[in-house]
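Student: Listed below are the residues making up each chain.
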Amino acid sequence: MVRRGSVLAVVAALGLGVCLSVGVASAATSTFGPVADTYVDNSATGTNYGTSGQLGADNSPVKRIFLRFTVSGVSGTISSVKLRLHTDDVAGSESSSGGTFRGMSSTTWSETSTTWNNQPAVDGPTLGSIGSVARNAWYEVDVTSYVTGNGTYSIAVTSASTDGVDYDSRESGASTAPQLVVTTGTTPSPSPSPSPSPGGDPVLVGAGDIATSGSGDTATAALLDGIPGTVFTLGDNVYDNGTAAEFNSYYHPTWGRHKARTRPVAGNHDYNTSGATGYYGYFGSAAGDPTKGYYSYDLGSNWHVIVLNSNCSAVPCGTTSAQVTWLRADLAANTRPCTVAMWHHPRYTSGANHAPNSSVAPFVQALYDANADLILTGHNHQYERFAPINPANQLDTARGIRHIVAGMGGAGHYGFGTILPNSEARNSDTHGVLKLTLHPNSYSWQFVPEAGRTYADSGTTACH
Amino acid sequence: MNSLRRRLLLTIGAAVLLAVVAVGYAVLAPDHRTPASAAPVQDGPTLQVLSNGLLSTVARADPGGPREVTGVRCDRAYRAGGTVACLTPVGALTATGLVVMDERLAARRTVPLTGFPNRLRVSASGRMVAWTLFIDGHSYAAAGFSTRTGILDTRTGRLVHSLEEFAITLDGRAYRNADVNFWGVTFAADDNRFYATLSTGGRRHLVAGDFRAGKVWTLRAGVECPSLSPDGTRIAYKAAVNGDPGQGWRLAVLDLAAGTTVPLAGTASVDDQPDWLDDRTVVYTVQTGDGTNNVWSVPADGTGGPRLLVPGASSPASR
Numbered sequence: 028m029v030r031r032g033s034v035l036a037v038v039a040a041l042g043l044g045v046c047l048s049v050g051v052a053s054a055a056t057s058t059f060g061p062v063a064d065t066y067v068d069n070s071a072t073g074t075n076y077g078t079s080g081q082l083g084a085d086n087s088p089v090k091r092i093f094l095r096f097t098v099s100g101v102s103g104t105i106s107s108v109k110l111r112l113h114t115d116d117v118a119g120s121e122s123s124s125g126g127t128f129r130g131m132s133s134t135t136w137s138e139t140s141t142t143w144n145n146q147p148a149v150d151g152p153t154l155g156s157i158g159s160v161a162r163n164a165w166y167e168v169d170v171t172s173y174v175t176g177n178g179t180y181s182i183a184v185t186s187a188s189t190d191g192v193d194y195d196s197r198e199s200g201a202s203t204a205p206q207l208v209v210t211t212g213t214t215p216s217p218s219p220s221p222s223p224s225p226g227g228d229p230v231l232v233g234a235g236d237i238a239t240s241g242s243g244d245t246a247t248a249a250l251l252d253g254i255p256g257t258v259f260t261l262g263d264n265v266y267d268n269g270t271a272a273e274f275n276s277y278y279h280p281t282w283g284r285h286k287a288r289t290r291p292v293a294g295n296h297d298y299n300t301s302g303a304t305g306y307y308g309y310f311g312s313a314a315g316d317p318t319k320g321y322y323s324y325d326l327g328s329n330w331h332v333i334v335l336n337s338n339c340s341a342v343p344c345g346t347t348s349a350q351v352t353w354l355r356a357d358l359a360a361n362t363r364p365c366t367v368a369m370w371h372h373p374r375y376t377s378g379a380n381h382a383p384n385s386s387v388a389p390f391v392q393a394l395y396d397a398n399a400d401l402i403l404t405g406h407n408h409q410y411e412r413f414a415p416i417n418p419a420n421q422l423d424t425a426r427g428i429r430h431i432v433a434g435m436g437g438a439g440h441y442g443f444g445t446i447l448p449n450s451e452a453r454n455s456d457t458h459g460v461l462k463l464t465l466h467p468n469s470y471s472w473q474f475v476p477e478a479g480r481t482y483a484d485s486g487t488t489a490c491h
Numbered sequence: 678m679n680s681l682r683r684r685l686l687l688t689i690g691a692a693v694l695l696a697v698v699a700v701g702y703a704v705l706a707p708d709h710r711t712p713a714s715a716a717p718v719q720d721g722p723t724l725q726v727l728s729n730g731l732l733s734t735v736a737r738a739d740p741g742g743p744r745e746v747t748g749v750r751c752d753r754a755y756r757a758g759g760t761v762a763c764l765t766p767v768g769a770l771t772a773t774g775l776v777v778m779d780e781r782l783a784a785r786r787t788v789p790l791t792g793f794p795n796r797l798r799v800s801a802s803g804r805m806v807a808w809t810l811f812i813d814g815h816s817y818a819a820a821g822f823s824t825r826t827g828i829l830d831t832r833t834g835r836l837v838h839s840l841e842e843f844a845i846t847l848d849g850r851a852y853r854n855a856d857v858n859f860w861g862v863t864f865a866a867d868d869n870r871f872y873a874t875l876s877t878g879g880r881r882h883l884v885a886g887d888f889r890a891g892k893v894w895t896l897r898a899g900v901e902c903p904s905l906s907p908d909g910t911r912i913a914y915k916a917a918v919n920g921d922p923g924q925g926w927r928l929a930v931l932d933l934a935a936g937t938t939v940p941l942a943g944t945a946s947v948d949d950q951p952d953w954l955d956d957r958t959v960v961y962t963v964q965t966g967d968g969t970n971n972v973w974s975v976p977a978d979g980t981g982g983p984r985l986l987v988p989g990a991s992s993p994a995s996r
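Those protein sequences? They're chains A and B, same order as listed. The numbering used here numbers the first residue of the first sequence as 28 and each following residue consecutively. The numbering used here numbers the first residue of the second sequence as 678 and each following residue consecutively.
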């Protein structure tokens, strides 16, 4: 946790060498440091070693090492990925076994609170092992089969030997910290631009928690000016009370420029005006039936978009409610392979100011039952992206729905509290918009920051 | 010996006792080039912190070193005088609450509460507990928020649900206003005198209070989240930049007798109730943009600069 984002980004053209045999003219390597590393020890089951300079793997006592890397900015075909570890320069670090290396599904364990008692499962494929190791030396494991592209990867090191090995952790300093060396078989192409994709895939772009008397919504509206596509909101379109006057004073001069291509969501502040009459009056038919506030539409040939109303005291959200009954029927009638749903109150959030909301659990269950792909919400004024999860927030790579809280549309930011499991990316200091490019059988997300800011988060996930 | 240390001895037993022999070595040798330790390495005084919401302790002699992590979840925690206080997380179906524990983390008293946990303190003796929750709104920088601050006397059992029940003297005159909010209590050594922040009419005041008499009176403006030094002579606090909370806060220290203030080193905005590591050192939490909390220390006399004390931690309590 001490050093952050230690991407060493060594890109070098290698004209000769191992790649020559496969006829590739050039290659590039990128070296990534761990974003987290620690070990656990069954003789001290409540102790965390996340800040230690060392990583121990042993079988007596049992010690397990956990490493996490985030690979980003890599383009082209990956030809090789090597995990490199350095044994500590201290007597006893040497061992008859350098350990067995395995993948792990959890990529969100906490570096400074993971202990033997609460350790993540070592549940992934075996990647390799290292035999006898000496002190103060580098060792390498081929993890090409596991690290297949940009993304976050966890790797565990265990040992069957009672003679433990001690590697250097990232806290030991850059010259001895673990490394993930990614080699691509081709020279990287220019980094992808945020312009419309060549295929003309539809774009959904927007955020929640938007217009105030301040300048945040001005900055995010300026981003919309340069991004074509359908604009979504995620509720709390205008503060404080969703009155018609506030829509005209605050929302209209900024995000209102894109009203003709906007399909909105209603938030609690919109409902501070009884019946959200300011909201429905401003957006008109684009907001759906004012007595419901939920509706759906299709985008392109492969995507279905569902807007729900999580202001459950005004429009009930229960399992047998009219809204959930409609949702299940809408999902059943949907023939598109990919589905995104959005509303205001997040089912899961690590935000300090609004707790996870169970009132919307029936929405999540219905969407999960129908194999939907993506859920967007706001309410907490920040950005948080979860891994694909089941309705109980358990990692589910087969059917899980990715949840994104995108409440960074302009209102003042909130902080984070306890970070929930499966929370993969977070930001609470940058306004921006979330741009979704809806490919025929996948979606790409991109956090587009306001001018002058650099926070970035992007990726692609296949539809179910 | 502190509370968690004792608890560990009881729960882990012989393994820890054996480990104590090795402990001194690890603590005295913060250089990482020692064999990866196989045992808890906290001997002597500890700091209590939260590690992503889990109640934890680190050795004061090596606060950046290994930490003992319990399964107790809190949004805010504090410890003093053998009393551990915890404001429990707000869940999808559960409200927060105060849990007052003994040094073995056995609950002695619980108080159901409504709102979002924000500040929490225990008096040096362990007798008095005070908390602040956000009721409406979520930030001291915004307009239109409201807070509720309560105090529990664990000896008598007296529970003050809201300091707004107390009589207020503002600038020498009796005062009432529906817009009154209190936050950030700190206790003096007599377990009766306390200090806190009072907000009303767009101004934020440092108040002194008399718990038994049920009254508070204003001392000066522009002082938020006071924290009394162990020797009782100074108050560390957060001061709004240019008097505008919207611009963030910096820490400062007020000398109570002299009435002088000194800004502490540092350029980060600090929205926390600071604490004192000792009479010369102030500690506080700052959150980074990705939600990671870090505990920093800074000299209390305005010299030097902030030092990262406990990475990945919040809610420091040193007593």
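Keep in mind that a hint or two might mislead.
From the structure, some residues in chain A lie toward chain B, with a derived Cβ separation under 8 Å [claimed, not checked]:
{"id": "1", "residue": "THR78"}
{"id": "2", "residue": "SER79"}
{"id": "3", "residue": "ILE105"}
{"id": "4", "residue": "SER133"}
{"id": "5", "residue": "SER140"}
{"id": "6", "residue": "ASN163"}
{"id": "7", "residue": "THR175"}
{"id": "8", "residue": "ASP267"}
{"id": "9", "residue": "ALA272"}
{"id": "10", "residue": "ASN275"}
{"id": "11", "residue": "SER276"}
{"id": "12", "residue": "SER385"}
{"id": "13", "residue": "GLY442"}
{"id": "14", "residue": "GLY444"}
{"id": "15", "residue": "PRO448"}
{"id": "16", "residue": "GLU451"}
What the hints contain is simulated information worked out from the structure, not anything from laboratory work. These numbers were taken from a predicted model, which means no experiment stands behind them. We treat Cβ as the ideally placed atom computed from N, Cα and C, and that holds for glycine.
Student: Work down the list of hints and note, for each, if the structure agrees.
Tutor: Status of each hint after checking the structure:
1. THR78: Status holds, d = 5 Å.
2. SER79: 6 Å, holds
3. ILE105: The hint is violated - A/ILE105 has no Cβ within 8 Å of chain B, the shortest such distance being about 26 Å.
4. SER133: Violated - the Cβ of A/SER133 stays beyond 8 Å from chain B, reaching only about 14 Å at its closest.
5. SER140: 4 Å, holds
6. ASN163: Constraint on A/ASN163 not satisfied, violated at 10 Å.
7. THR175: 25 Å, violated
8. ASP267: 7 Å, holds
9. ALA272: Constraint on A/ALA272 not satisfied, violated at 17 Å.
10. ASN275: A/ASN275 check fails; min Cβ-Cβ to chain B is 21 Å, beyond 8 Å.
11. SER276: 16 Å, violated
12. SER385: This interface hint holds because 4 Å falls under the 8 Å limit.
13. GLY442: 5 Å, holds
14. GLY444: 6 Å, holds
15. PRO448: Violated: closest Cβ of chain B sits about 10 Å from A/PRO448, beyond 8 Å.
16. GLU451: 11 Å, violated
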